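Colleague: If you're matching them up, the sequences are chains G and W in order.
Mapping of the first sequence onto our numbering: position 51 corresponds to residue 51, and the numbering continues sequentially without gaps.
Mapping of the second sequence onto our numbering: position 203 corresponds to residue 203, and the numbering continues sequentially without gaps.
Think of the hints as simulated: they come from the structure by calculation, not from any bench.
Small disclaimer: the values here were computed from a predicted structure and weren't measured.
Positions of the beta carbon are idealized from the N, C-alpha and C atoms, including for glycine.
Hints may contain errors.
Residues from chain W that keep clear of chain G, each with C-beta distances beyond 12 Å, as calculated [to be verified]: (1) Met157; (2) Glu194; (3) Thr202; (4) Leu241; (5) Asp261.
Facing chain G, a subset of chain W residues (Cβ under 10 Å, in silico) [stated by the list, open to error]: (6) Ala39; (7) Arg46; (8) Pro147; (9) Leu148; (10) Gln150; (11) Ser151; (12) Leu152; (13) Glu155; (14) Asp159; (15) Asp161; (16) Gly201; (17) Arg203; (18) Asp245.
Given next are the chains, with one letter for each unit.
There are 2 protein chains.
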Amino acid sequence: MSDSRPIGVLDSGLGGLTVAKEILRLMPGERVVYLGDTARYPYGNRSDEAIRSFALEGAQELYDRDIKLLVVACNTMAAIATKAIEQCLHGVPVIGVILPGVRAAVLRTADRKIGVIGSHATMRSSVYEQAIHRIDSSVKVYQTPGPLLQSLVEEMMLDHDITRMVAQFYLYEMVDIGVDCLILGSSLYPPLFEVIQGTVGTRMQVLDSALWTAKETQDIITALDLKNVKPSKGKEECVFLFTEDPAERGGQLIGQFFGEDVGEYSVIEPGKKPL
Amino acid sequence: MSDSRPIGVLDSGLGGLTVAKEILRLMPGERVVYLGDTARYPYGNRSDEAIRSFALEGAQELYDRDIKLLVVACNTMAAIATKAIEQCLHGVPVIGVILPGVRAAVLRTADRKIGVIGSHATMRSSVYEQAIHRIDSSVKVYQTPGPLLQSLVEEMMLDHDITRMVAQFYLYEMVDIGVDCLILGSSLYPPLFEVIQGTVGTRMQVLDSALWTAKETQDIITALDLKNVKPSKGKEECVFLFTEDPAERGGQLIGQFFGEDVGEYSVIEPGKKPL
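Could you build the full structure based on these sequences and the hints that come with them?
Modeller: Okay, here's the thing in structure tokens:
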């Protein structure tokens with residue numbers, strides 16, 4: 001059986017486009033409906049209550065567009081609102097961006113020392129630590145918030161001395177401690193993958209959550225027989241929705257995260273007014 | 001005559017506390033009602049329409065508290081929403097954080113070269129350039145957005161090699177060009193005053209908008225005979241309002257901007273729900 005319904009990708013802004021990109025790369029036959037809450041980006045400094053409220057509005061908007069599966073691409077949202085989202089999606093499978101990277105890291109760490117870097121809200125939630133310990137309680141988890149990395153990505157300072165200095169500032173302790181797997185716990189960080197891997201050296205494997213989330217999405221699509229076997233035109237059949245027009249500043253950022261221009265997109269107001 | 005009504009200070013978050021601090025330092029007899037829209041902070045990446053809408057809600061909230069004068073302490077808000085705020089304040093004087101620094105800079109620049117650094121939204125608005133040219137069209141204005149400085153202040157990395165490197169990255173061109181006055185066009189930057197002055201050297205005078213705005217507030221209070229001549233207990237008689245509890249992360253930030261703890265504060269929802 002073929003399921004031509006789209007895969008929903010929900011994010012607080014543009015960073016989740018890294019996940020959408022990997023999904024389309026692995027499954028070029030699928031269609032994606034992407035919703036980025038650019039009007040209220042970033043979620044990292046918001047209260048848990050606000051984040052849950054925003055997440056439910058976005059999830060409902062995508063549910064109304066008849067998605068077959070929802071990927072929560074924003075780490076902060078996945079950390080704080082996954083359960084709430086699942087409850088309102090009436091059985092549509094939900095994949096958060098956290099567990100795929102966690103599973104990959106637990107499988108790969110030889111020294112049982114995993115590092116995680118992400119937003120203040122994600123780190124504060126300890127969701128990575130809990131998820132890792134649910135699989136293997138013997139693993140030591142080292143967390144650090146990396147808020148400056150977010151600004152550097154937003155400024156597109158990917159290959160810059162300041163960026164290398166900031167990466168080193170955040171990660172030198174993990175290198176010293178002998179962490180051998182580092183999860184990039186923010187969908188904004190994948191563009192910094194090479195800088196970060198270069199900073200921590202080859203003894204530490206850097207894991208891109210976007211990539212592992214796309215892989216898990218593929219596994220679940222296959223397992224639940226949700227594949228679209230009809231030929232799709234890829235990007236042209238995808239839908240990109242934002243709550244505030246990203247053109248003014250985000251135009252170039254879209255390319256940074258998605259690897260190319262997304263083409264046409266719409267600006268919508270999910271649920272309540274996004275203001 | 002004595003006017004015991006408070007001075008309203010409106011900000012998008014905690015940075016405006018630098019302005020409140022200077023006002024209370026210059027006029028210890030006055031009371032301040034401070035409103036920081038922490039729930040929707042920062043405004044720097046929002047659309048002009050959203051910023052105007054937030055600003056009007058906040059201004060109305062302070063107007064309802066019977067202020068004698070309103071200081072718009074957020075540069076982004078002052079740049080984009082001052083006119084709209086004035087229209088809804090029924091004659092209560094409004095002082096934006098922009099003009100006082102501009103006037104000070106135009107008086108001080110010997111080489112007619114003024115630099116400005118602030119958020120993307122403030123720089124995009126060109127409000128500084130326009131204000132400078134309204135006073136003296138012969139002055140050359142050099143603008144640069146400094147978004148990483150905001151993150152560094154939020155991370156309280158005030159005395160740090162990375163901060164010095166970032167300041168140099170943003171300002172070395174202005175030093176080369178021979179800018180002799182630099183306006184800090186964000187109420188978040190005053191804690192970086194010394195680092196920035198140290199970076200640009202003594203040939204460039206760094207002007208702290210918070211200080212100049214407080215001075216102008218004092219001038220207008222005097223000129224309009226709005227002084228509170230009754231003894232005030234200072235901070236204890238001030239009111240601090242936030243739209244989201246800053247305690248979780250902002251507790252230390254309050255001290256950074258205000259110089260000390262603000263004591264008791266309230267969390268409110270101005271106008272509409274802040275979400």
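Colleague: Hint by hint, say whether it matches the structure.
Modeller: Verification of the hints:
Annotated as non-interface, W:Met157 brings its C-beta within 12 Å of a C-beta of chain G; the closest such distance is 8 Å. Every Cβ of chain G is farther than 12 Å from the Cβ of W:Glu194; the closest lies at roughly 20 Å, confirming the non-interface assignment. Residue-level check passed: W:Thr202 sits 25 Å from the nearest beta carbon of chain G, beyond 12 Å. No Cβ of chain G approaches the Cβ of W:Leu241 within 12 Å, the least distance being about 16 Å, so the stated non-interface status holds.
Chain G leaves W:Asp261 outside its interface by the beta-carbon criterion, the shortest separation being 20 Å against a cut-off of 12 Å. Satisfaction of the interface hint for W:Ala39 is found here, the shortest Cβ-Cβ separation to chain G being roughly 7 Å, below the 10 Å cut-off. Taking 10 Å as the C-beta contact cut-off toward chain G, the hint placing W:Arg46 at the interface holds, the least distance being around 8 Å. Look at W:Pro147: its Cβ gets to within about 6 Å of chain G, closer than 10 Å, so that hint holds up.
A distance limit of 10 Å between C-beta atoms decides the matter here; for W:Leu148 the minimum to chain G is near 5 Å, and the interface restraint holds. Nearest Cβ of chain G to the Cβ of W:Gln150: about 8 Å, under the 10 Å cut. The hint holds. Proximity of W:Ser151 to chain G holds as hinted, the smallest CB-CB distance being about 4 Å (cut-off 10 Å). The closest approach between the C-beta of W:Leu152 and any C-beta of chain G is roughly 7 Å, which is under the 10 Å cut-off, so the hint is satisfied.
Interface hint status for W:Glu155: upheld, as the beta-carbon distance to the closest one in chain G is roughly 6 Å, under 10 Å. Interface hint at W:Asp159: violated, since its Cβ lies 14 Å from the closest Cβ of chain G, which is beyond the 10 Å cut-off. Below 10 Å, beta-carbon pairs count as interface contacts, and W:Asp161 has one with chain G at about 7 Å; its hint therefore holds. Because the closest C-beta pair between W:Gly201 and chain G is about 20 Å apart, greater than 10 Å, the hint is violated.
With a cut of 10 Å, the hint placing W:Arg203 at the interface with chain G is violated, because the nearest CB-to-CB distance is about 24 Å. The criterion of a C-beta within 10 Å of any C-beta in chain G is met by W:Asp245, whose closest approach is roughly 7 Å, and the hint holds.
Violated hints, listed in ascending order, are 1, 14, 16 and 17; each of the other numbered hints is respected by the structure.
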